[in-house]
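So the sequence lines, in the order shown, correspond to chains C and L.
Note that numbering that gives the first Met the number 0 has the first sequence beginning at 0, numbered continuously upward.
Note that numbering that gives the first Met the number 0 has the second sequence beginning at 0, numbered continuously upward.
It should be emphasised that the hints constitute simulated quantities derived from the structure, not laboratory data.
Certain hints may be false.
In the SDA-like style, the derived pairs of lysine to any residue whose C-alpha atoms are separated by at most 25 Å in a straight line are [as the list claims (entries may be wrong)]:
hint, chain 1, residue 1, chain 2, residue 2
1, C, Lys640, L, Gln89
2, C, Lys566, C, Pro476
3, L, Lys143, C, Ala204
4, C, Lys454, C, Leu746
5, C, Lys213, C, Ser637
6, C, Lys291, L, Glu123
7, C, Lys640, L, Gln119
8, C, Lys213, L, Ala40
9, C, Lys606, L, Asp122
10, C, Lys93, L, Ser13
11, C, Lys291, L, Pro16
12, L, Lys115, C, Ser637
13, C, Lys596, L, Ala40
14, C, Lys640, L, Pro16
15, C, Lys577, C, Lys246
16, C, Lys93, L, His81
Treat the numbers as computed from the prediction; the structure is a model and nothing was measured.
In case you want the letters, here they are:
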Amino acid sequence: MTILMNLSRREFLRGIVGSGALVLGAQFFPTMVSAEESSPISTPADLTTFHPQMFVGIDTDGTVHIVAHRSEMGTLIRTSLPMVLADELDADWKRVKIEQAIGDPRYGDQNTDGSRSIRQFYDTMRQAGATARLMLVQAAAQQWGVPPSELRTDHHVVLHPGTSLRRGYGELASAASKLTVPKKEDLQFKSKNEWRYIGRGMGSADVSEICTGKSIYGTDTRLEGMFYASIERPPVLGGKIKSYDEKGPLQVTGVHQTVPIDPFKPPCAFQPLGGVAVIADNTWAAFQGRRKLNVVWDNGPNASYDSEAYKKELQETARQPGKVIRSEGDVDAAFAKDASTFEAEYYVPLLAHAPMEPMAALADYRDGMVTVWAPTQSPQTVQTVLAQQLGIPKENVICHVTLLGGGFGRKSKPDFVAEAAVLSKKLGRPVKVVWTREDDIKFGYYNAVAAMYLKASLDARGKPIAWLQRSVFPPIPSTFDVSAVYGDAGHLQQGWTDIPYDIPNLRIENGPAKAHVRIGWLRSVANIYHGFAVQTFTDELAQRAGRDPAEYLLDIIGLPRRMDLSKTAYPNYGASPKTYPWETGRLRRVTEMVIEKSGWRKRKLSKGAGMGIAAHRSFLTYVACVVEVQVTDDGEISIPKVDYVVDAGLVVNPEATRAQFEGAAVFGTSIARSGKITARNGAIEQSNFFDYPVARINEAPFQTNVHIVDSDAPPAGVGEPGVPPFVPAMCNAIFAATGKRIRELPLSLG
Amino acid sequence: MIQLEVNGAEQSFSGDPEMRLLWYLRDILGLTGTKFGCGLALCGACTVDKNGEAIRSCSTPMSSLAGAHITTIEGIGANGLHPVQQAWIQHDVPQCGYCQTGQIMQAISLLRKTTKPTDQQIDESMAGNICRCGTYQRIRAAIKTAAGERS
């Protein structure tokens, strides 16, 4: 049996320090840090130091170790961030080894969500690389007795132009390790034309291992003597065990015992849901044992939750005045003067993430410490949650991050890791918890179900004079505070408070909704339903005005301007509005470009074909999308072509970015075609890919073209921004093809 | 006792005959390149080769495998990368990569029978393999590249 050994950073550092290598922190380290001091276990005090991050080390043989501290779930972030560091270090990519970080606050934020890894750590990576390069140059200068300013680097070598003096990074590592780490002000960064990797990009560092089946995902982890566990959870949120057959599962060969797991204390947050675990020698036996548990549940108050009734409640709430989020001009006065206002309602159901790897985690608890291996987007959240669950200090939780078989936001929530940890503590053995697909679908943190109501008053050309929009959805904060019923600014901002249209009278509202399931973030989150409503309503207004939807969209975006959202709660995805202003000109530009690139109104379409357009800014990135659909007489929809134009500021890895948008189109196709989670008597009705279908190769867009705008603006997100405009663009295309307007998802042509 | 061959090695299995091949491969033999995605033969992540046919190991009981020759992702490309794997790498197909071993096994099976598959033949053969990251466009391109190399 193989034992998974993922070196902790301590071991990693000891290894390279032991070989006389250079170990570097980023520039904010006052002095060189020794291996022992850098241990997250032995120096908890050190963890409180301001951003004490360690990202790069160089061996005497020239191997450059770069720490990837964000989680790899398919965005290629494990490649792209180290690539930035390697570029600034002027390292040979072939001699770079990427080391996955454990959860440790010294790296700063490790929660890989919100499409923000590059923008948050681009500068940090460049500084770490430039720091190492400068010290290597200084070491060579000392050895040669020349001023550092006369030296330069070239692909893993320091050289003295005009002479034959050259020395490899490995040869300089020991000498460089004795130098004082330079201050940030003394660093010199490459100019854009000197970049070797940034902007050109790199294929996945993991691709060979992935394609040969050698990669280790959470579910592939193994430890000698470990148990496998499968857990029967309460079907209704907050349910508790009344009784179960403790002995039944033991009839299955390979099953050792059953272990009840405590129900959570509200709010549910990231706690285990409770239930009964079946402990076995292998996954199959654990699954079979579960069938014999015959648990009788006390379902509790959420048992009355029914998606059909809830939908009517949300829609009714959306028709009533709500909490005002943003208001400009006087919408009511404008509506009062207009006898022919236009209104429409939109609806998007709960959505499940359904990453291809169902939740799985391995935990080994012993002597007040737990080591876990998990496909987590957020290893520090794992530390926090497990510390609470086990009653141990956070520092005693060592979280190794495996590859993630998809994440989409689900794996930011470590309830499944906590299950493994709690069981390992109870059993005194390493335990791997494996979720079934049914568990994954039924026990998600769902993207909120949402009802939207929009109303507009139009001028003679059909352009809005007044615009009211109201959204109602159970908010994500309800997962952490049972009393939360209103949307928070962080999610209301998502394609809602920041509507980019130039309209004199505007009011944005939000109505209350109580959650009865766990609500969480899913790839692009509230942008999904908000973007769908706003961009479909826009298309409807164009239709009413008898105008071309693309031309109308440009008109309604208006002239280039910086949106002033200072009077509104608008977090701007956590970014400074100075560095990342909301510029309608950039949205306009991607829209103009997508009109051109897609051949909008230039190409003759066959019968049953139609093109739809939408534009949306999310995660600081401006995206316009044109979708072309083909609808048969039987109502079968195919998507021959999609064009995206993307302005994400500086794009570090263009090919990986294109892949993210290709994938977003498929993700959006799933949402539009079949994304629907419902509850009855409080329990989720869907269970697997037959009743929660996701797009397959024959349903996905055939050709997605991704056009990246060349930009010097600071880098923005690319993982999520492709989803929001795709869904309405596809629905608008269906309208163009069939005359059937889609106001409710998943779409139905019936 | 069930005798079978996995990646060229003789194996015997004496556990629960209803155990699915997937869990035998992963938990007993430690061949974790074959993935669990749904347990109902709906997603193709668990695809392996049985006697020259692509099958879903999550739904194949051990009792049906007496004398079978099983090849998993670990068993292909014994002499370096298989042309399908090479094409996958060339087109940067994987995102998260979890489904890709199943996709590759299915594509190898397709190309064995249909050396130059049309788009429709690719759809028909690959529609049982879900990729939630949405790499289908690159999967199609990689299959075409591999088909070209094989001819």
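Hint by hint, which ones does this structure get wrong, listed from lowest number up? 5, 6, 10, 13, 14, 15
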